[in-house]
Amino acid sequence: MIRRSRARDMPELLSLWLASTTAAHEFIPVSYWQASVPVVRDIYLPHATTWVYHEQGELQGFVSVLESRFIGALFIAPHSVGHGIGRELLSHVKNRYPLLSLEVYQKNSRAVSFYHAQGFRIIESAWQDDTQEPTWIMSWQAG
Numbered sequence: 001m002i003r004r005s006r007a008r009d010m011p012e013l014l015s016l017w018l019a020s021t022t023a024a025h026e027f028i029p030v031s032y033w034q035a036s037v038p039v040v041r042d043i044y045l046p047h048a049t050t051w052v053y054h055e056q057g058e059l060q061g062f063v064s065v066l067e068s069r070f071i072g073a074l075f076i077a078p079h080s081v082g083h084g085i086g087r088e089l090l091s092h093v094k095n096r097y098p099l100l101s102l103e104v105y106q107k108n109s110r111a112v113s114f115y116h117a118q119g120f121r122i123i124e125s126a127w128q129d130d131t132q133e134p135t136w137i138m139s140w141q142a143g
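Using UniProt numbering, the first residue of the sequence shown is number 1, and each one after it goes up by one.
The set of hints was computed from the structure by calculation and includes no laboratory data.
The model shown is predicted, which means the values in this text are computed figures rather than measured ones.
One or more hints might be untrue.
Have a look at the derived ranges for each label pair, beta carbon to beta carbon [said to hold, decoys possible]: (1) His116 <-> Pro46: 17 to 25 Å; (2) Glu88 <-> Gln141: 19 to 27 Å; (3) Ser91 <-> Pro29: 15 to 23 Å; (4) Ser125 <-> Gly57: 18 to 26 Å; (5) Asn95 <-> Gln132: 31 to 39 Å; (6) Gln132 <-> Arg96: 18 to 26 Å; (7) Leu66 <-> Pro11: 18 to 26 Å; (8) Glu58 <-> Glu26: 35 to 43 Å; (9) Ser125 <-> Glu12: 13 to 21 Å; (10) Val30 <-> Arg96: 31 to 39 Å; (11) Pro38 <-> Gln141: 32 to 40 Å; (12) Gly119 <-> Ser68: 15 to 23 Å; (13) Ile43 <-> Ser101: 17 to 25 Å.
Heads up, the beta-carbon is just placed ideally off N, CA and C, and yes, glycines get one too.
With these hints in hand, go ahead and build the complete structure from the sequences.
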């Protein structure tokens with residue numbers, strides 16, 4: 001079931017985010033992500049519109065959109081990756097916004113392939129100073 005997130009979801013969101021982001025970004029030290037928890041909790045998530053995917057009473061994934069156009073997060077619980085949850089969450093936001101973009105690490109080839117399969121296209125290359133890693137900016141537009 002997909003629903004809007006609530007304030008009481010925050011601890012579960014942060015836990016899932018940390019587990020998922022460290023699993024997906026093995027090329028970035030875990031300490032970087034651990035140090036980022038306060039920023040995600042206090043700045044990022046409060047300013048985003050977030051939908052959560054719950055199944056059997058457990059958070060399985062979430063997607064967050066900033067300024068009605070930028071997907072700042074799409075994270076799936078590591079044990080639930082490959083079960084279609086990410087596709088459902090993306091479809092959910094694609095039905096609400098006619099133009100979406102996102103940034104993904106170039107080394108995260110699984111995510112790049114996933115977004116490409118969902119209709120996103122690379123529009124430019126970028127660089128993350130904090131992690132010293134290259135990223136792709138990808139975009140999707142309703143047809």
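Check your understanding: Tell me, which hint numbers fail for this structure?
Key -> Checked against the structure, the hints that fail are numbers 1, 3, 4, 6, 8, 9, while the rest are satisfied.
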